[in-house]
Every structure is written in C-alpha cells, then in structure tokens.
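Enquirer: Chains F and E, in that order, give the protein sequences.
Going by my numbering, the first residue of the first sequence is number 179, and it counts up by one from there.
Going by my numbering, the first residue of the second sequence is number 179, and it counts up by one from there.
No wet-lab data here; the hints were simulated from the structure.
Take these hints with a grain of salt, some might be off.
Note: identical chains are not told apart, hence a pair may lie in one copy or across any two.
[As the list claims (entries may be wrong)] In the EDC-like style, the derived pairs of lysine to aspartate or glutamate whose C-alpha atoms are separated by at most 20 Å in a straight line are:
| id | residue 1 | residue 2 |
| --- | --- | --- |
| 1 | K224 | E268 |
| 2 | K187 | E268 |
| 3 | K202 | D238 |
| 4 | K187 | D199 |
Number of protein chains: 2
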Amino acid sequence: MITHTVFFKLYHPVGSEEEADFLKAALALGKIPGVKNLTCVRQVSKKNDFTYGLLMAFEDDKAYQLYNVHPDHVKFVTGRWHPEVAKFLEIDYVAHTPSAVER
Amino acid sequence: MITHTVFFKLYHPVGSEEEADFLKAALALGKIPGVKNLTCVRQVSKKNDFTYGLLMAFEDDKAYQLYNVHPDHVKFVTGRWHPEVAKFLEIDYVAHTPSAVER
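With the rest of the complex left out, here is chain F (with noise of 0.2 Å):
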C-alpha cells in the first residue's frame, strides 16, 4: 500500500466559494480506478504555509501509474491543478519498520 499526499496553497481566499469548489472538484478524483480513501484536511501546522491537503491510498505503484495518468486526473491537473494552486508538495510512503539494531 501506498499513501499519495500533496499538500497544497490555493490563490483563492481561505473560505472563499472558489476555494470550496476546487476542494470538491479534487475530491471527485475518488472515483477514478485504484484510489482508496480520498480525503480532503486542512493543514494547521505554523510551521509550513500549506493550507490543505489531499491523501489517498494505492494498493500498488501500478495503480498509482493508472491514477497518473487517467484522462480525468490528467484534465483536473491541468484544468483546474495548475491554474489555481499556488504552491504544493507531494509526499508519498509506505509502512517501514525499523530493522533489529544489535549492539
């Protein structure tokens, strides 16, 4: 399994009504084939000036390549993605356990 995450800033107004459609538009990409448990949050950390992000979850990086490059996901990225974020980033992972440490 692997968690997609991008965590992004609109050039809309944090509340606006531009903003709430861009939200709902990403999260229609739920329905595209291979995306698990597509949800919005709204980053709260002071730490960083993202102030939302998407997560969602691929059984494999085959379904990730799907998702890449379905004509849905390819159209919202460039319909809506470019012209509207300002800034983001994409963090991916995976489950890791630490490997025994013997000293």
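Start from chain F and add chain E according to the hints.
Expert: This is chain E only, laid out in the frame that chain F set:
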C-alpha cells in the same frame, strides 16, 4: 483529532545501523501519554528528498501541546533529533469537508 506528521532526512546513511537505532528511539515516543497510532513510514516520492516520516494523532490541541513539553519528547529532540536530522518538515492536519457550493 489532529494528525501530526514530520518528514525528515537523517545524516546517517540509508539502511545503516545508526538509522535503525534513531527510528526505534523515535517510535518509543509512542509511549508518551496522548500519542495515538505512532507509525514510521518510508518516503518514496522522487519529488522531495525526505527519506522517512513519523505520523501520530492527538485527540485535541491540548494533548498535542502536552506531548510537545513532555520530558521524554524534549530529551529526544535535544539528544537525538537535533544532532541526527539533516532536514525536516512538519505538517499537521485535521479533517476538512468542503462547504456547499451553490451556483
């Protein structure tokens, strides 16, 4: 519920004994009261250079602040985090449901 995450890169080589020791020490923070579901993840996106992440949840901001000032956390930050972490970013978030958009 607040999710606190921190993504980081260590001075230690990836796969080293020192790295595993650091991650184990970090996971021991899960014993601090109020910390829920502390997990270690490996960052896999090529779009940033963080190598690991720690994720945990707090019931509310009060629990989060109690964790921040807990002696075991303070000791970890000064004794392990500062000397062993080369770069990091903290991202915290709460659930967000976009408001209704009527047009």
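Enquirer: Next, verify each hint and record whether it holds.
Expert: Going through the hints against the structure:
no.: 1; hint: K224 <-> E268; in the structure: both (18 Å within a copy, 9 Å between copies)
no.: 2; hint: K187 <-> E268; in the structure: both (12 Å within a copy, 16 Å between copies)
no.: 3; hint: K202 <-> D238; in the structure: neither (25 Å within a copy, 26 Å between copies)
no.: 4; hint: K187 <-> D199; in the structure: within (14 Å within a copy, 36 Å between copies)
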